[in-house]
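A.B. asks: We have chain A already, so just place chain B on it with the hints.
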Amino acid sequence: MNYNLNFETENKAKKRSTFASLKSLVVHLVEEKKMLWTAFSAMLITALLTLAGPIIIGHTIDTYIRAKQFDGVLLFSGILLIMYIVAVGAGYLQTKLMGTVGQHILFALRNAVFNKLQELPYDFFNQNKAGDLISRINNDTENINQFFSQSLMQFMRSILIMIGAGIFLLSIHLPLGAATLSPAIIIWIFTHFVSPWVKKRNAESLKSTGNLSSEVQESLSNFKVIVAFDRRDYFRKRFAEVNRYNYSTSVKAGVANNLFMPVYTFLSNMGQLIVLAFGIYLITQGSFTIGLLISFIAYVTSFYNPLRQLASLWANFQLALAAWDRIRKILTLENNMPVVADRESVTSSSLLAFKDVSFSYPNGTEVLHRISFELERGKTYAFVGPTGGGKTTTASLIARIYDPSKGTILLNGCDIQSYPHEERVKKIGFILQEPFLFSGTVRDNILYGNEAYREYSNKKLAQVFRDTGLEKLLERFDRGLDTKVDDTGDGISLGQKQLIAFMRIVLRQPDLLILDEATANIDTITEKLLDKILQKLPASTTKVIIAHRLNTIANADEIFFVNSGKVTRAGSLEDAVNMLMRGKMAS
Amino acid sequence: MEDTRNKQKTTSGKTKSGLLALLKPYMSMIVLLVVFALLGNGANLIIPKIISYGIDAYTDGQFVLKNVVVAFVLVSAGIFLFSYLQAIIQTYASERVAFDLRKKLSDKISRQSFSFIRESNPSKLLTNLTSDIDSVKMFVAQAVASIISSVFMIIGTCVLMLLINWRLALSVILMIPVIGFAFYFVLRKVRVLFKKSREIIDRLNQVINESILGAAIIRVINSQQLEYGKFLATNTEAKKLGISILTLFATLIPIITFVANLATLTILALGGHFVINGSLSLGDFAAFNSYVSMLVFPIIVIGFMSNTIARASASYERIDQVLKKPETPGTGTDTTPLQGNIEVRNVTVLYDDKPVLKDVSFAVKAGSRTAIIGPTAAGKSQLLYLLTGLIKPDSGTIEFEGIYSQDFQKESFHQQIGFVFQDSVLFNLSLRENIAFSNTVTDESLAKAIETAELKGFVQSLPQKLDTIVSERGTSLSGGQKQRIMLARALALNPKILLLDDFTARVDQQTEQKILHNVLNNYPDLTLVSVTQKIAPVKNFDQIIMLMEGEVIETGSHETLLATCPEYIQIYNSQQSTSHYELQS
Chain A
1 MNYNLNFETE NKAKKRSTFA SLKSLVVHLV EEKKMLWTAF SAMLITALLT LAGPIIIGHT
61 IDTYIRAKQF DGVLLFSGIL LIMYIVAVGA GYLQTKLMGT VGQHILFALR NAVFNKLQEL
121 PYDFFNQNKA GDLISRINND TENINQFFSQ SLMQFMRSIL IMIGAGIFLL SIHLPLGAAT
181 LSPAIIIWIF THFVSPWVKK RNAESLKSTG NLSSEVQESL SNFKVIVAFD RRDYFRKRFA
241 EVNRYNYSTS VKAGVANNLF MPVYTFLSNM GQLIVLAFGI YLITQGSFTI GLLISFIAYV
301 TSFYNPLRQL ASLWANFQLA LAAWDRIRKI LTLENNMPVV ADRESVTSSS LLAFKDVSFS
361 YPNGTEVLHR ISFELERGKT YAFVGPTGGG KTTTASLIAR IYDPSKGTIL LNGCDIQSYP
421 HEERVKKIGF ILQEPFLFSG TVRDNILYGN EAYREYSNKK LAQVFRDTGL EKLLERFDRG
481 LDTKVDDTGD GISLGQKQLI AFMRIVLRQP DLLILDEATA NIDTITEKLL DKILQKLPAS
541 TTKVIIAHRL NTIANADEIF FVNSGKVTRA GSLEDAVNML MRGKMAS
Chain B
1 MEDTRNKQKT TSGKTKSGLL ALLKPYMSMI VLLVVFALLG NGANLIIPKI ISYGIDAYTD
61 GQFVLKNVVV AFVLVSAGIF LFSYLQAIIQ TYASERVAFD LRKKLSDKIS RQSFSFIRES
121 NPSKLLTNLT SDIDSVKMFV AQAVASIISS VFMIIGTCVL MLLINWRLAL SVILMIPVIG
181 FAFYFVLRKV RVLFKKSREI IDRLNQVINE SILGAAIIRV INSQQLEYGK FLATNTEAKK
241 LGISILTLFA TLIPIITFVA NLATLTILAL GGHFVINGSL SLGDFAAFNS YVSMLVFPII
301 VIGFMSNTIA RASASYERID QVLKKPETPG TGTDTTPLQG NIEVRNVTVL YDDKPVLKDV
361 SFAVKAGSRT AIIGPTAAGK SQLLYLLTGL IKPDSGTIEF EGIYSQDFQK ESFHQQIGFV
421 FQDSVLFNLS LRENIAFSNT VTDESLAKAI ETAELKGFVQ SLPQKLDTIV SERGTSLSGG
481 QKQRIMLARA LALNPKILLL DDFTARVDQQ TEQKILHNVL NNYPDLTLVS VTQKIAPVKN
541 FDQIIMLMEG EVIETGSHET LLATCPEYIQ IYNSQQSTSH YELQS
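Just so you know, the sequences run in chain order A and B.
Residue 348 in the UniProt record's numbering sits at position 348 of the first sequence, and the numbers go up by one each step.
Residue 366 in the UniProt record's numbering sits at position 366 of the second sequence, and the numbers go up by one each step.
It is worth saying that the hints were derived from the structure and are not from the lab.
Values in this document were obtained by computation on a predicted structure and should not be read as measured data.
Each residue gets a CB set at the ideal place from its N, CA and C atoms; glycine is no exception.
One should not assume that every hint holds.
Label-pair distances were calculated between CB atoms; the ranges are [said to hold, decoys possible]:
#, chain 1, residue 1, chain 2, residue 2, range
1, A, F70, B, K196, 50 to 58 Å
2, B, A21, A, I82, 48 to 56 Å
3, A, S312, B, L163, 28 to 36 Å
4, B, N540, A, N4, 46 to 54 Å
Just chain A, same shape as in the assembly:
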C-alpha cells in the first residue's frame, strides 16, 4: 500500500472515507450540543442587541432630538444602557461557550490524528520523512487551532450580525436595502472564484514549510557527519534552497491572502455610497427620513464591517482548510494489516511456521521468495547469512511488522494475522537492530509497555532483576534505574541502548524471542552474561538469533542460512560456515 503523503492519489473511494473522518469529528460535536445551543442563543442575543442599538438611536434622533425633547433622549439612553449591560453577560457566554466548543474540537482533532498515527503500520513511517510528519502534525494542527481558537467565533458572529443587519436593511426599506446589499453579491462571486486559488497557494506554502523542517531535521540529526567530513557548506546550501523556496511560496500565499481585505473594503464603501445617494434621492421623493438615513448608514456599517472582518478571517479559513487537507491525508489512510476475524486452527507441534511466504517492497522488488520453515518450542535457532540477504525482513515478518505479500505465517497453528495485536506481542518479543529510547529514565525504558511491573518500587524491582540475572547489566548505567534519558538520547551509548532493549524484552518473557543483531555493539564479556540470562528463561522459550558473530550462534539447535531471499537449513555450524563462504563467493 502506498503511504507516501506527498504522492497524489485522489480517488472517489478516498473522498468517501474523508467524509467519514469528518463525520467522526462531528460526532464529538454532538456531545457539545447543549453548550452549542446556549452559545448560539447568547450569540443571537448579542447580535440582536448590537443591531437594535442603531434603531433605537435612529428612533431617538427622529422623535426626540429633532423635536428637541430631552426627556425622551434620557429615557431611551436608559433603555440602551440596560441593553448594553445585558450584552456584557451574553457576550461573555457567547465567547466562552463557543471558544470551549472550539477547544473541544481541537482536542478531538489532535486525538484523532495521534490515534491514526498509532493505528498505521510501520510501513507508513518508512515511506514518509520524519520532519514532514512532524511538520504536518505540529504546524498544521496549530494552523487549524488558530482558526478554531481565534477565528471561528468571530466568523460565526460576523455571519450572524451580517444576516441580521441584512434582514433589517431589507425590512426597513426594501428597494434601498436591496440596492445597498448589491455589492455584497459581487463580493460573494469574487470570493467564490478566488478562494480555490488562495487555498492552493496556502497549500504550497505549507508544503514548503514541511520541506524546510524535514531538511533541518535531517541535517541536524546527521550533524556529526557534516562536521567530520567538513561539509558545513552542504547544510548551508541545502538550507538556502528550501529557505528560498519557502520564501517564494510564502510571499505568493501572502499576496493572495491579502487580496480579500482591500476588495471587501472597496465594495463596502460602494455600499455606503449607494445608501447615501439613493437615500437622499428617496428623501427628496418623500418616502424616507433623515433619522432613518442615519440609522440606515449605521446598519450598513454593521453589515459591511463584519464582512470586512470576514475578509481577514477568510484568509485564515483558507489556510486552515489547506492544513486540514494535509492532515486529512493522514486521517484517510487505512491500516492494511487488520486482524483477520476467523481463526482456523491447524493442530501443529511447531510454535511458528512459514508457508510459502514471499515479501516485496512497495516498489515491487521481491526480497523473500516462497520461504517455508518451522520453529519448535524451546529450541534456539540461528539465522545467518550475508548482509542484505533478508534476515531482518524474515524477523520483521515473524513479529508482524509487515505482512507477507504471499503465503501465510502460522503461530501455534493459526494464521498470525488472526491474533489480536495484544495477544501476539505477548507471545513474540523482538529486539530491533536499531534501538530507540523514549525520554525519561532507564527504568521507564526497561518497563516500557510492561503492565506487570509498572507499579513495582525500585526495591521490589531489584529483586526481580536479581532473579532474572539482569542486575549486573544495570551496573553499566551510572545511576542505575534512575539514569536519565534525554530526548536526544545522547549520553547513552549504542551498546547501552542495546542493553536496555534486551532487559525490556527479557522481563516480558515471550514465547518466541527474536534478537536481530541485538548485541552487536556490546562487548563479548557482557555478551556471555546475556547468554546466561537467556538460559534462565523458561525452557519452552523459542529463541531466534540473527548474528554475524559465530560465537553467539554456537549454541543454536538449528541454523538457517538466509541469502538472496531464500532460507536454507544448515546441517551444522560448519555447514553454515561453508555456506557463508560459498554464498560470499557466489555474490
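C.D. replies: Chain B in isolation, oriented as in the chain A frame:
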C-alpha cells in the same frame, strides 16, 4: 530556572530594541509600509466626513450628487490602492526578514561545533528556525504597520472629534484609558498562561516526535495505547489551559464592547443635548457616531498587538541567544599534511560534570594500526570523536605531527581523516552523493572506495546503480549495507588516518576479513585506529589500547596484553570458543 529568569529580566529591554534593530536594514520598506498604511487609514477617515457633508448639504438644500459620488469613489479607490500596496509590501518585508533571519541563523548553526548541536538539542534548534522565526515574522507582518496606523487613527479621530465639539469629544475619549487598563490587567495574566501553553505544546510535540521516531518499537510491543495515554494526558492539559486563556478573553471582550457602547450612549445623551440646544449639527452628530466605531477598533488592535510583540520579543530572545553564542574558535591555518603520528596527552572529557574519559594518554605512529578495546560505555566512541575534533577535551592536548589539533586548518584536516561512525547516517541523496560526501572526491577515488568496501556487487544490482536515492533513514538497506556505505564514504576521501567505530559489528566475518584485507592493499600508508569488540581481527595490530570506565588500563601488543592485563585476558577468553571456527574459515 532562577538564573534564566533573572537573565530574561535584564535582557528583555535589550531584546525589544533588538527587535527594532532587526528592522534597520529594511527601513526603506518599513517607511513605505507606514506611508501607505497612513495614507490608507487617512483616506478611511474622510468617508464619514463625506457622508456628514452630504447629509448637511442636503438639509441645507445644497446637495450636489455628482460631487459627492466623485469624491466618494476617488477616496474609496485610494483606500483600495493604498491598503493593497501596504499589504503587499508588508508581505514582502515580513517574509524577507524571516528569510534573512533564517539564513543568518542557519549560517551560525552551520559554523558551530558538534557538541553545540548536541547541547542545544536539535529539536529546539528546529523550533528556533521555524516557529520562533514565524512569530518574529508575525510581528513585522502585523504589528509594525497596524500599531503605527492604529495610533494614527486614534489621534486622527480624536483631533477630528475635538475640532467638531471638544466637550463631547473629551467625554468620549475618556474610554481610551479605561480600555487600556482592562487590557493591561488581562494580558498580564494571559501572558503567564501563554508561556505555560508553549511548554505544554512542546511536550505534545515531544510525544508526537517520539511516537514517529520510535514507531517500530511501539508496534513490536503494541504500546500504542500507552503512547495514546501519554498524548491524551498532555492534550487534556492543553485543552484546560486553552479554556482558561479563553475565559480571560471572554471577560475582556465584553468589557471593551461595553465601554465602547458607553461612549455611544454618551454621544446620544450628551450629543443629543447639544443638538437640542443647537450647539451641534445633525450631520456632525452622525459623524461622531461613525468616529466612535472607528476609535474602538484601533484600541483593540493595539491591545492584541502588544501580545504579538511580547511573543515576538520572547522568540527573538531565543533566536538571539543562539546568534550570540560564541563560535567554535575559528579554524587554524596549519596545512601540514598528516602522516598519522598522533599524540594524546592527559585528556579528560566531562559530560554533565561526569568524566567519560579520565587522563587518557597514548601515541599512534604513522602507518601503524591501533585497536581500542573495552566494555560497553567505556568511552571508546568518545575517544574517536575526540581525535576527529567532534568534541573538545576539557583538559589535556591532542597533537598530530607534533602540532596541536586545533591549529590545523579545518578543511584540510578533515579531508585527511576518514571516520566510520557506529550508527549509520545516510542522507536523502543518491548513493553517489552519499559516498562522495566531499567536494574533493574524484571518480577514481570513489570507484576505489566502493571496491574496497565490497559494495561493487551491491551497486551493480541496483537498477539505477549509483544514482539510486537513499531514503531518509535508509530503511530499504540492510544494516551491513549501510555500514559499508559509511566505510566507502570515509575511504573516498583518500584519508591518511581512518577511524573505525565498531565497524565490524554489523558486517559478517568473511566480508569483514575481505574488507580489512582490501583496505591494507588499496591504502597501504593508512594509519588505522579501530574501536572493536573482537580481538581476533586485531591480534596482529601494532598496539591495542584497553579502555575501561574512561581510563586507559593498558597499552601494548596482543602478546604484551595477554601477559600483563587480566581484563584483556578475560575478554580474550570470552571469545575463545569461536576462534576454532574462524581459523577454519
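A.B. asks: So, against the hints stated earlier in the document, which numbers end up violated here?
C.D. replies: The structure conflicts with no hint, since it agrees with every one listed earlier.
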